[in-house]
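Asks: Single-letter residue listing:
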Amino acid sequence: MVAEIGPSNIESAFLLEALKKGTRVDGRGIYDYRTLKISCGPTYGLAEVQLGQTRVLARVSCEVTRPFPDRPTEGIVLFNTELSSMAGFGLDSSRSSTQEVAISRMVERVIKQSRAIDSEALCILAGEKVWTIRIDVHFLDHGGNLIDAASIAAIAALKHFRRPDVTIDGEEAIIHDVRERNPVPLSIHHTPICVTFGFFGASGDMLVLDPTLLEEQVQVSSFTITLNSHREICALNKAGGIPLSPDQIQRCTQVALAKVDEVNEKIQLALKASTA
Amino acid sequence: MSRPDRREASQLRALNCSLGQLNRADGSAQFSAGNTSVVSGIYGPVEAKVYEEKLDRAVVEVKFRPDIGAPTTKDKWMESAIRNTFEREILAHLHPRTLVQIVIQLREGDGSVDSAAINATSLALVDAGIPLKCMITAATCAVLPDDTTVVDPTQEEIDAARSTHTFAFASGSSTGPLYVDSRGDFTMDEYNHCYELCALATERVLAFMRTAIEGKVTKEAKISAA
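Residue numbers (this note's numbering), protein chains in the order written: chain A, 8 to 283; chain B, 156 to 381.
Just so you know, the hints here were simulated from the structure itself, not pulled from any lab data. Note that this is a predicted model, so its numbers are computed, not measured. Honestly, I wouldn't trust all of these hints.
Said to hold, decoys possible - To spell it out: a stretch of chain B is covered by chain A in this simulated footprint if at least three of its residues, at any positions, have a beta carbon under 8 Å from a beta carbon of chain A; those stretches are:
| # | segment |
| --- | --- |
| 1 | 164-178 |
| 2 | 251-261 |
| 3 | 333-340 |
Just so it is clear, CB atoms sit at the ideal spot from N, CA and C, and this is done for glycine as well.
With the hints as constraints, model all of the structure from the sequences given.
Replies: Right under this line is the structure:
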């Protein structure tokens with residue numbers, strides 16, 4: 008086996024010909040997600056997502072630290088989304104390509120900047136002690152569309168996580184051991200979920216939802232929309248590629264709205280199953 | 156003195172494994188003992204970089220990724236320990252000028268992580284079809300402050316222990332261990348006792364691995380025969 012050299016001309020041509028007839032190489036409809044499996048636990052804050060052939064693992068952990076001096080009443084949220092060699096030979100965080108960096112930044116942005124986690128609720132003693140929540144996303148298998156799988160894993164892990172309970176007694180804070188008092192969930196405002204589309208053809212007139220690795224290698228443009236269950240747009244991301252029309256963006260948004268509900272339901276089921 | 160999870164002193168936690176779950180990797184295995192869970196992925200034999208290739212054998216590279224946080228020196232140490240253990244047991248002379256890359260991802264850590272990593276890697280190498288001299292199985296022991304010795308300790312037990320010992324043995328070999336890691340204050344008697352307990356424990360792990368591999372091979376034979 009050699010390092011990635013991209014798809015052959017025959018593969019790309021076949022993919023495009025099939026798309027012109029409205030079918031995809033793996034037999035899906037253009038707006039179909041691959042089989043999505045989410046499993047949480049047993050450790051609190053562990054979520055593993057299998058989206059077709061893509062597999063992502065997310066771990067959430069917490070630590071008591073000092074807050075940032077300019078934000079004394081807010082907790083800290085740290086992200087680590089390294090692409091390791093396990094996901095694909097030659098994929099290494101030490102030689103991260105722009106695409107890999109984009110994936111990491113995207114997942115981080117989606118959760119941090121959309122204020123999904125209530126940072127004020129992470130404060131223990133203003134100016135002195137806050138919770139630092141750390142989210143580690145590990146990519147185990149790169150089968151295409153890492154962003155969607157990673158965002159689902161991250162938010163599922165955050166919702167599954169339990170931090171130690173704290174009692175404030177004046178100037179003192181008592182952090183209870185998890186065996187003394189049940190740990191408590193994080194305060195999460197909403198559930199942002201990324202939905203990625205790939206575009207094909209000279210004017211980007213053919214599109215697919217949830218591209219596989221082959222589709223990602225052939226696509227001319229990519230567009231990710233992040234929505235939550237309240238039908239709010241948390242983020243739009245279209246970095247480079249051929250230009251798209253506002254109509255196409257609208258169409259994608261409508262499709263994504265329906266898909267986000269399905270994904271949310273699956274996350275709820277997975278969370279319920281883990282506590283059963 | 157009873158253990159927090161009510162196990163016997165020489166009782167392993169519930170073992171679980173699954174092979175070949177990853178699509179991109181040539182071979183993979185997930186191994187878990189209780190709440191300690193490790194995934195090992197193998198790429199190989201693949202093209203080695205010119206500056207790292209060896210003319211007469213395959214080069215073995217190990218990457219160990221912790222579950223939480225960025226890799227630290229502890230993880231680098233684990234990488235080197237696992238590489239040293241497997242380098243001699245892989246029949247590297249059959250694949251000169253190639254690379255066998257072992258990537259280990261810790262999913263959950265609750266004690267005895269190094270033995271879980273070694274066991275997962277053994278299974279993953281078999282799944283990848285990398286030629287091996289033998290199976291390598293590992294087990295960990297801890298000597299507690301009350302002088303009892305327990306097998307497959309949890310993190311809680313390791314934190315309280317006076318010494319911990321991990322042994323890895325080659326299957327079907329009557330010679331000594333391939334890998335030994337002992338930490339803490341201990342006497343030679345305690346060391347020998349741990350050695351014996353781990354040797355017995357690794358036999359059970361080997362039997363478990365054999366069942367798992369036989370199951371996979373039988374299933375594949377059915378599929379290709381159908």
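Asks: Kindly indicate which numbered hints from before are broken by the structure, ordering the numbers from low to high.
Replies: 3
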